[in-house]
Amino acid sequence: MKKFLTKERTVPRWIVLLIDLAITSWCFGFSYFIVKQFQFPNILRGHFIVYTGAYCTVSVLVFFFMRIHTGLIRYSNTQDMFRIFSAILISSLIYLVVLNVMITPVFNIQSLNIPAVLMINFFIAFSFLTMFRITVKGVYCYMKKVAAVHRKKVLIYGSDNNAILVKQALEACNNDSFIIAGFIGHDKNKVNSYIEQKRVYHIANLAALKQKLRVDKLVLMNTQLGVKDKKAVLERCLRLGLQVLTVPPADQWMSGKLKTNQIQDLKIEDLLQREPIVIDTCRISKELVGKRVLITGAAGSIGSEIARQVLNYDPEMVILCDQAESPLHEIQLEVEENFTKEQIRVFIADINNFNRMYYMFNHYRPEIIFHAAAYKHVPMMEMNPMEAVMTNVMGTKNIADLAVLFDAKKFVMVSTDKAVNPTNVMGATKRIAEVYIQSLNNYEEKVLELVNPEQKFYKKKTLNDNKTRFVTTRFGNVLGSSGSVIPRFRNQIQQGKAVTVTHPDITRYFMTIPEAVELVLEAGSVGEGGEIFVFDMGEPVKIIDLARNMIKLAGMEPDIDIPILVTGLRPGEKLYEELLNEDEKTCPTHHKKIKIAKVASYPYTKITEDIAILGRITQNNNELDVVKKMKEIVPEFISKNSRFEDLDQSYESVKEEVTH
Numbered sequence: 001m002k003k004f005l006t007k008e009r010t011v012p013r014w015i016v017l018l019i020d021l022a023i024t025s026w027c028f029g030f031s032y033f034i035v036k037q038f039q040f041p042n043i044l045r046g047h048f049i050v051y052t053g054a055y056c057t058v059s060v061l062v063f064f065f066m067r068i069h070t071g072l073i074r075y076s077n078t079q080d081m082f083r084i085f086s087a088i089l090i091s092s093l094i095y096l097v098v099l100n101v102m103i104t105p106v107f108n109i110q111s112l113n114i115p116a117v118l119m120i121n122f123f124i125a126f127s128f129l130t131m132f133r134i135t136v137k138g139v140y141c142y143m144k145k146v147a148a149v150h151r152k153k154v155l156i157y158g159s160d161n162n163a164i165l166v167k168q169a170l171e172a173c174n175n176d177s178f179i180i181a182g183f184i185g186h187d188k189n190k191v192n193s194y195i196e197q198k199r200v201y202h203i204a205n206l207a208a209l210k211q212k213l214r215v216d217k218l219v220l221m222n223t224q225l226g227v228k229d230k231k232a233v234l235e236r237c238l239r240l241g242l243q244v245l246t247v248p249p250a251d252q253w254m255s256g257k258l259k260t261n262q263i264q265d266l267k268i269e270d271l272l273q274r275e276p277i278v279i280d281t282c283r284i285s286k287e288l289v290g291k292r293v294l295i296t297g298a299a300g301s302i303g304s305e306i307a308r309q310v311l312n313y314d315p316e317m318v319i320l321c322d323q324a325e326s327p328l329h330e331i332q333l334e335v336e337e338n339f340t341k342e343q344i345r346v347f348i349a350d351i352n353n354f355n356r357m358y359y360m361f362n363h364y365r366p367e368i369i370f371h372a373a374a375y376k377h378v379p380m381m382e383m384n385p386m387e388a389v390m391t392n393v394m395g396t397k398n399i400a401d402l403a404v405l406f407d408a409k410k411f412v413m414v415s416t417d418k419a420v421n422p423t424n425v426m427g428a429t430k431r432i433a434e435v436y437i438q439s440l441n442n443y444e445e446k447v448l449e450l451v452n453p454e455q456k457f458y459k460k461k462t463l464n465d466n467k468t469r470f471v472t473t474r475f476g477n478v479l480g481s482s483g484s485v486i487p488r489f490r491n492q493i494q495q496g497k498a499v500t501v502t503h504p505d506i507t508r509y510f511m512t513i514p515e516a517v518e519l520v521l522e523a524g525s526v527g528e529g530g531e532i533f534v535f536d537m538g539e540p541v542k543i544i545d546l547a548r549n550m551i552k553l554a555g556m557e558p559d560i561d562i563p564i565l566v567t568g569l570r571p572g573e574k575l576y577e578e579l580l581n582e583d584e585k586t587c588p589t590h591h592k593k594i595k596i597a598k599v600a601s602y603p604y605t606k607i608t609e610d611i612a613i614l615g616r617i618t619q620n621n622n623e624l625d626v627v628k629k630m631k632e633i634v635p636e637f638i639s640k641n642s643r644f645e646d647l648d649q650s651y652e653s654v655k656e657e658v659t660h
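With the numbering used here, the residue at position 579 of the sequence shown is 579, and numbering never jumps.
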């Protein structure tokens, strides 16, 4: 019985319509009896069946077209009551017309008492149809309450229309895992009032309410609060051990109804959110509209988001270049669903393959280039320095040189904060790439030489004729990128394993992927050439605190339900990242979140020679020689927690000998 009453739908809609018809028929007959003073012989001789049949026919048609039977009765509200009121009124008016136009002339009968019958019937029918719905709803609520012994109690944040929508939606989606205990918010004027039979509490009393009502969770609509206020509420919940659930804005509900799978646990990304960035879309649009845009690393976290955002500016063509087949296919399917297929070209290739890159440039002639292709995982690159050099340095040089050769208008390189005072191979390769990109804006040098490894291709171009502006963007970690700390922590928590942190004091800067890409597009649109743009990453986050918060967000206690294990720094890993080194300063730009780093410039000839030597050493597969050359090119590259630390000691010894 309990399961029957609490199912999502227990009877078909046509049965509800029949029940409404039966109630209406009985009410009309009873009203007729009242008017006739229950004189049954007179009633039967007075065409009672004709009157009742005609009224039922009119009523069922009106009820059907006004759809008063289509909603779930257990969730009836004042709107449903108004629809019933309107349906009975309209039925009565139509019935009077039918009575005078059709029934009276056809049957040659008088209908003097019918208006009185309709008036009495109006009140009786409305009362009984409403009572039927209230009874079903009451029984349903009682059965749900009986079944709620093991359900979690939740509070809904807010006391406005959005909060009421959330309450109604949660009740309608028939979620058996929780029961609504009330509303909570900051509005003191509404405290202790009732909304839909639920009390409104003040957020300051949340700790006491947790104990008194035994509340386990708080439900919040994503758009109810600004970033700052939302963060304050979330942090309060975390301190109290309250799990936070989020629901999307009402305009994102499926067919106007909230689905169970749209009620989600709060994500750590929500806790790390900052105020939305305001970018100059007009400036970016002028830069991209009608242009041919190349995105390398298009299958990666940053590259794929660049593709999504660039396509919003209606370019002539977007070339998605990557060597990862499956992820590239996924982003292709995604953007082709949302944008014109004719705008999109997919080019699968390795940026190290100069011939393939030359073919791509020659075939598509890109005007704007976003270079996001790179190896990024520090420990892996520490074990594979040759691959890091080939992709992050040589691959970048290939794309940059071809940009000059084919007169691309702008080249925007995506770099990293790990390039600042690098302590690992990955960071050092990115710094070398930065240096080379900057050098291409030095017009004192005469000739850019392009030579492929097999010596089958050779071209020269005078740098004085260079039309390409080279811009570098530098920022820290992005939230949720593949292989990063947050997805790893999330998987460990879901599996009930210990969350592994490399050091209790390690910190990192974080930025959402869309936010980072917005700033990349903004910086790219204003760059004149030679700049390294540094993004405001906010305050650094302690990774162990991040782990604790993620465990709490999952409804568990750190070090009790889920242990936190300190494993030690990985090869090449820093305790903290820097966006500038000690000798670098910044200049402000038009955007408060973007600054220009003042960095030392390197002559094009010198860095080109160094990269050529580095490339030859890489071909010999001697890791120590490769890293040693990298340290010569980037003197601030000091290895940490790495097998290459001995090279720094040898270098220092040589320096001391030379000094003495």
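If you're looking for bench data, these hints aren't it; they were derived computationally from the structure.
The model shown is predicted, which means the values in this text are computed figures rather than measured ones.
There could be a bad hint or two in this list.
What the hints assert, rightly or not - With a Cα cut of at most 20 Å, we get these calculated SDA-like pairs of lysine to any residue:
| # | residue 1 | residue 2 |
| --- | --- | --- |
| 1 | Lys212 | Ser193 |
| 2 | Lys152 | Cys141 |
| 3 | Lys467 | Asn621 |
| 4 | Lys198 | Asn162 |
| 5 | Lys231 | Leu245 |
| 6 | Lys497 | Asn549 |
| 7 | Lys631 | Tyr375 |
| 8 | Lys36 | Ile164 |
| 9 | Lys497 | Ile486 |
| 10 | Lys542 | Leu238 |
| 11 | Lys631 | Asn621 |
| 12 | Lys153 | Asn189 |
| 13 | Lys137 | Gln79 |
| 14 | Lys286 | Arg365 |
| 15 | Lys152 | Val101 |
| 16 | Lys267 | Arg292 |
| 17 | Lys585 | Gln495 |
| 18 | Lys606 | Ile564 |
| 19 | Lys188 | Gly226 |
| 20 | Lys153 | Met221 |
| 21 | Lys592 | Glu275 |
| 22 | Lys542 | Leu575 |
| 23 | Lys188 | Glu171 |
| 24 | Lys542 | His503 |
| 25 | Lys188 | Lys152 |
| 26 | Lys267 | Gly290 |
| 27 | Lys631 | Lys592 |
| 28 | Lys291 | Lys210 |
| 29 | Lys210 | Met556 |
| 30 | Lys210 | Gly226 |
| 31 | Lys497 | Ile564 |
| 32 | Lys341 | Tyr375 |
| 33 | Lys291 | Ala232 |
| 34 | Lys210 | Tyr194 |
| 35 | Lys606 | Ile617 |
Stated by the list, open to error - Have a look at the derived ranges for each label pair, beta carbon to beta carbon:
| # | residue 1 | residue 2 | range |
| --- | --- | --- | --- |
| 36 | Gln39 | Met81 | 30 to 36 Å |
| 37 | His590 | Met81 | 54 to 60 Å |
| 38 | Glu632 | Val278 | 41 to 47 Å |
| 39 | Pro540 | Asp187 | 33 to 39 Å |
| 40 | Pro563 | Arg283 | 46 to 52 Å |
Beta carbons: idealized from backbone N, C-alpha and C, even for Gly.
Hints, one by one, checked against the model:
Between Lys212 and Ser193, the direct Cα distance comes to roughly 18 Å. Compliance with the 20 Å bound is thereby established for this hinted pair. Taken as a hint, the Lys152 and Cys141 pair is honoured in the structure, with Cα atoms around 16 Å apart against an allowance of 20 Å. For a cut-off of 20 Å, the pair hint linking Lys467 to Asn621 is broken: about 37 Å separates their Cα positions. With a C-alpha separation of about 15 Å, the suggested pair Lys198 and Asn162 falls inside the 20 Å cut-off, and the hint holds.
The hinted pair formed by Lys231 and Leu245 meets the criterion: a straight-line CA distance of about 14 Å does not exceed 20 Å. For the suggested pair Lys497 and Asn549, the alpha carbons sit about 16 Å apart, so the restraint of at most 20 Å is met. Taking the CA atoms of Lys631 and Tyr375, the gap is near 19 Å; set against the 20 Å cutoff, the hint holds. Distance hint between Lys36 and Ile164 is unfulfilled; the C-alpha atoms sit about 47 Å from each other, more than 20 Å.
Distance restraint check for Lys497 and Ile486: the Cα-Cα separation of roughly 15 Å lies within the 20 Å cut-off, and the hinted pair is therefore satisfied. For the given pair, Lys542 sits about 16 Å from Leu238 by alpha-carbon distance, which is consistent with the 20 Å threshold. Of the pairs offered as hints, the one joining Lys631 and Asn621 holds, with about 17 Å between alpha carbons and a cut-off of 20 Å not exceeded. This hinted pair does not check out: Lys153 and Asn189 have alpha carbons roughly 24 Å apart, beyond 20 Å.
Of the supplied pair hints, the one linking Lys137 and Gln79 holds, its CA atoms being roughly 15 Å apart against a limit of 20 Å. At roughly 19 Å between alpha-carbon atoms, Lys286 and Arg365 fall within 20 Å of each other, so this suggested pair holds. For a cut-off of 20 Å, the pair hint linking Lys152 to Val101 is broken: about 60 Å separates their Cα positions. Using a Cα cut-off of 20 Å, the hinted pair Lys267 and Arg292 is violated, with the two alpha carbons roughly 37 Å apart.
Distance restraint check for Lys585 and Gln495: the Cα-Cα separation of roughly 45 Å exceeds the 20 Å cut-off, and the hinted pair is therefore not satisfied. Under the criterion of a C-alpha separation no larger than 20 Å, the hint pairing Lys606 with Ile564 is inconsistent with the structure, at around 48 Å. The hinted pair formed by Lys188 and Gly226 meets the criterion: a straight-line CA distance of about 19 Å does not exceed 20 Å. Distance restraint check for Lys153 and Met221: the Cα-Cα separation of roughly 17 Å lies within the 20 Å cut-off, and the hinted pair is therefore satisfied.
Note on Lys592 and Glu275: the hinted pairing holds, with a Cα-Cα distance of about 13 Å set against a maximum of 20 Å. Of the pairs offered as hints, the one joining Lys542 and Leu575 holds, with about 10 Å between alpha carbons and a cut-off of 20 Å not exceeded. This hinted pair does not check out: Lys188 and Glu171 have alpha carbons roughly 26 Å apart, beyond 20 Å. Under the criterion of a C-alpha separation no larger than 20 Å, the hint pairing Lys542 with His503 is consistent with the structure, at around 10 Å.
Restraint check for Lys188 and Lys152: not satisfied, since their Cα atoms lie roughly 26 Å apart, outside the 20 Å limit. Under the criterion of a C-alpha separation no larger than 20 Å, the hint pairing Lys267 with Gly290 is inconsistent with the structure, at around 38 Å. Of the supplied pair hints, the one linking Lys631 and Lys592 is violated, its CA atoms being roughly 34 Å apart against a limit of 20 Å. Under the criterion of a C-alpha separation no larger than 20 Å, the hint pairing Lys291 with Lys210 is inconsistent with the structure, at around 57 Å.
Between Lys210 and Met556 the CA atoms are separated by roughly 16 Å; this keeps the pair inside 20 Å, and the hint holds. Only pairs whose Cα atoms come within 20 Å are accepted, and Lys210 paired with Gly226 is rejected, the gap being roughly 24 Å. Note on Lys497 and Ile564: the hinted pairing holds, with a Cα-Cα distance of about 9 Å set against a maximum of 20 Å. Proposed proximity of Lys341 and Tyr375 is contradicted: the alpha carbons are some 29 Å apart, above 20 Å.
With a C-alpha separation of about 43 Å, the suggested pair Lys291 and Ala232 falls outside the 20 Å cut-off, and the hint is violated. A distance of roughly 19 Å separates the Cα atoms of Lys210 and Tyr194; the hinted pair therefore holds under the 20 Å criterion. For the suggested pair Lys606 and Ile617, the alpha carbons sit about 17 Å apart, so the restraint of at most 20 Å is met. For Gln39 and Met81, the Cβ-Cβ distance of about 34 Å falls inside the hinted range of 30 to 36 Å, so the restraint holds.
In this structure, His590 and Met81 meet the distance hint of 54 to 60 Å, their C-beta atoms being roughly 57 Å apart. Separation of Glu632 from Val278 is about 43 Å and conforms to the stated range, judged on CB atoms against 41 to 47 Å. Judged by the Cβ atoms, the range 33 to 39 Å given for Pro540 and Asp187 holds: they are separated by roughly 35 Å. Between Pro563 and Arg283 the Cβ separation comes to about 50 Å, which falls inside the hinted range of 46 to 52 Å.
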